[in-house]
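Construct the complete structure from the given sequences, taking the supplied hints into account.
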Amino acid sequence: MPHFKVLLISTLVLSALAAPLVSRFDNGGDANSFDETPPTSLETRDDLTEGFADFQSRDIEVSQDFADIETREDEVARNFNNGLYARDIETSGDTQNLDTRQLKEVSEVYSTYQSRGIDADEDARISAAYYAKASCGERIQYLQAERQRQLDIISKAEDDKLQSKSLVIKLQDQKLAATDKDSIDQQIRAEELRQEEADKTITAAQNVKKDLDKLIQADEQCRTLADEFIRAAQSQDNSYDELIRDRLARDAEARRLAQLTYEAKDDEARRLAKQAQYAYDAEARRIAQLNKEACDTEAKRLAKLAKEAYDADARRLTQLSKDARDDEVRRLAKQAKDDEERRRKLINDDEAKRLAKQAKDDEERRRKQAYDDEAKRLAKQAKDDEERRRKQAYDDEAKRRAKLAKENDERLRKQISDDDAKRRAKLAKENDERLRKQISDDDAKRRAKLAKENDERLRKQISDDEAKRRAKEIKTSADEAARRRAKEIKTSADEAARRQVKDAKAAADEAARRRGNKPNKNKPGK
1 MPHFKVLLIS TLVLSALAAP LVSRFDNGGD ANSFDETPPT SLETRDDLTE
51 GFADFQSRDI EVSQDFADIE TREDEVARNF NNGLYARDIE TSGDTQNLDT
101 RQLKEVSEVY STYQSRGIDA DEDARISAAY YAKASCGERI QYLQAERQRQ
151 LDIISKAEDD KLQSKSLVIK LQDQKLAATD KDSIDQQIRA EELRQEEADK
201 TITAAQNVKK DLDKLIQADE QCRTLADEFI RAAQSQDNSY DELIRDRLAR
251 DAEARRLAQL TYEAKDDEAR RLAKQAQYAY DAEARRIAQL NKEACDTEAK
301 RLAKLAKEAY DADARRLTQL SKDARDDEVR RLAKQAKDDE ERRRKLINDD
351 EAKRLAKQAK DDEERRRKQA YDDEAKRLAK QAKDDEERRR KQAYDDEAKR
401 RAKLAKENDE RLRKQISDDD AKRRAKLAKE NDERLRKQIS DDDAKRRAKL
451 AKENDERLRK QISDDEAKRR AKEIKTSADE AARRRAKEIK TSADEAARRQ
501 VKDAKAAADE AARRRGNKPN KNKPGK
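End of the sequence shown = 526 in the UniProt record's numbering, gap-free, step of one.
Please keep in mind that the hints were generated in silico from the structure rather than gathered at the bench.
Nothing false has been slipped in among the hints.
Only pairs whose alpha carbons sit at most 20 Å apart, straight line, appear in this in silico DMTMM-like list of lysine to aspartate or glutamate: (1) K181 <-> D464; (2) K353 <-> E364; (3) K449 <-> E192; (4) K353 <-> E283; (5) K133 <-> E228; (6) K133 <-> D418; (7) K452 <-> E192; (8) K406 <-> D418; (9) K429 <-> D213; (10) K209 <-> D442; (11) K200 <-> D211; (12) K300 <-> D338; (13) K210 <-> D199; (14) K210 <-> D432; (15) K429 <-> D419; (16) K265 <-> D372; (17) K175 <-> E191.
Label pairs and their computed distance ranges (CB to CB): (18) K460 <-> A486: 35 to 41 Å; (19) S477 <-> R446: 43 to 49 Å; (20) R457 <-> S477: 26 to 32 Å.
Here the structure is a predicted model, which means the values were calculated and not measured.
Note that CB positions come from ideal geometry on N, CA and C, so glycine has one too.
See the structure below:
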């Protein structure tokens, strides 16, 4: 992860920057050991030049350390293996080995963060779980609405069935007093067919409701599993975040303690140096005071001796000639002047040495202060750069994760939408096939039953028609027999009447012939 790389880089930078300060106290030197020999002005300038050259070379080495750290970032990241670092980190200036404890803590944090799997895949799985939960909720709402619709269909079909039954009862009551019973029977059969259709509708709706109940139960289980996964992921995320925060807090505390240790060492060194400087200045002042007192005492002694010698010489000169006295006076004056010049030169040399030593100490103090200020500046700059890089790495990682999560979310949403569409299409197709098969079976049963009923009705109708036909034939034959008997009776009666008339006519004719007059006037039937 980028922020762990930044943490490793900051550790390397702090080690590289602290190396000159630590080596000042660890490389065989003592903070209380100062050179008592006052340097000359030329030596002071040479030391200052060497110090700035050393500082400049150290600055170049630190810059090279930054370059080496930047170029070896990927190598450092690849060399973590189960919490152990495989090789030493070397800079171009001084070889610095990281602390084993810090490396172990950093590697443990890295291993922990790597083991928890907080990456784009886990974020995508969590997003997929949220999306699956939302999709299951939407499907449950849709299926519950569809289930309610099937319940409404069942309720409506049951109402229709009850109405049909009540209508059948009314028609059966009307049939008892009706003359046209055939139409009432047809209405009753139509209502019975209506009841059968209602039963089929109720059965189909109940089957669909059972399937919907199974789908709702499956979606509820899916939503429950998604909730459990989300809660587990959140709990794991919280525990891992707490562990990471603890690790980072311990690392920050360790870095703070290390920084305090370095600062304490620097403060102790500066305190000891300042204490030594104060002691040296006090000793120098004491020596200067002693030198001054000794010089004054010596001057007084020499002056006294000179005065005594002068008095002795004066007394001696009084005995000499005037010329010899003048020569002796000039010699003594020159000797006194030379002695005074020698004493003044000696005092000037001592003062020059003291001032040179003081200048060297001041220069050393300024150079040390410059080292400390530059080290603090570089440490602060490195800290600011590290903070800026860490913040940039956080921002880049957050943007990358957000973009990756968005892309994964879109891809998963599209995939889930496609899968859901395919599943719904497949489910609709299966339901359609099942309903088609069920409708086909129900239709076949209904047609078979209807054909059977039609066959029964036709058979009954045929038997009724046959009975009517037979009754009609019987009636027709009876009528025909009656007409035939009536006709025969009438024919026989007419024949008997004609025979009687003919017999009567024959008898009359015979009688007329017998009488012999007007035989055609009294014919019967006219």
